[in-house]
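**Student:** Sequence:
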Amino acid sequence: MNYRFGTVVSVAAAIVLAAPAAATSVDRAPAPVAAQDPANQAVVEALYAAFAQGDGPGIAAVLSPDLMWIEAEGGPYADLNPYEGPQAVFEGVFGRIGAAFSGFAATPVSYWPSGDRVIVEGRYTGTHIATGEVLDAQFVHVFTVRDGVIVAFQQYTDTAQWVDVVTAD
Numbered sequence: 026m027n028y029r030f031g032t033v034v035s036v037a038a039a040i041v042l043a044a045p046a047a048a049t050s051v052d053r054a055p056a057p058v059a060a061q062d063p064a065n066q067a068v069v070e071a072l073y074a075a076f077a078q079g080d081g082p083g084i085a086a087v088l089s090p091d092l093m094w095i096e097a098e099g100g101p102y103a104d105l106n107p108y109e110g111p112q113a114v115f116e117g118v119f120g121r122i123g124a125a126f127s128g129f130a131a132t133p134v135s136y137w138p139s140g141d142r143v144i145v146e147g148r149y150t151g152t153h154i155a156t157g158e159v160l161d162a163q164f165v166h167v168f169t170v171r172d173g174v175i176v177a178f179q180q181y182t183d184t185a186q187w188v189d190v191v192t193a194d
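Each number in our numbering comes from the position in the sequence shown (counting from 1) with 25 added on.
Take every hint as true, because none was put in to throw you off.
The calculated label-pair distances, taken between Cβ atoms and stated as ranges, are: (1) 172 - 192: 39 to 47 Å; (2) 62 - 154: 34 to 42 Å; (3) 188 - 134: 21 to 29 Å.
The hints are simulated quantities; they were obtained by calculation from the structure and are not laboratory data. Cβ coordinates follow ideal geometry from the N, Cα and C atoms, glycine included.
Make the full structure from the sequences, and use the hints.
**Tutor:** Structure (structure tokens):
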């Protein structure tokens, strides 16, 4: 399962990163790749740092009031997709994860900026309080950043592992 998921994640990241280079003219010459904006990556890095510190105001500071947040289909927190605005994310995602897991972390491993998008590969870890099961799942997060704030988020993760952890007997 992890091999197949890793392949899907790699293919998804390659598609997203390659999209700006799609052929656009009659002679099929590739379009210029969008410039990488280090400020966009810094915004996303600030989100992970604030999350790791449990800094709610720090998290809110980098989220747009018009944020559109989408959890991976089939995951335990996708039931309220799409989450619109920071308050919906705090209550529907962060609040529920915080209540359900001990030692939860979303740890970024690598960043892939491309134009207004920042793709992050990483791992979720934590122990589900009710089941005692340990989560250790790979993720890819796709952020869209505009004017110094995150306006959109899409999660990709091993949802089968998440469901197994939260529903184990």
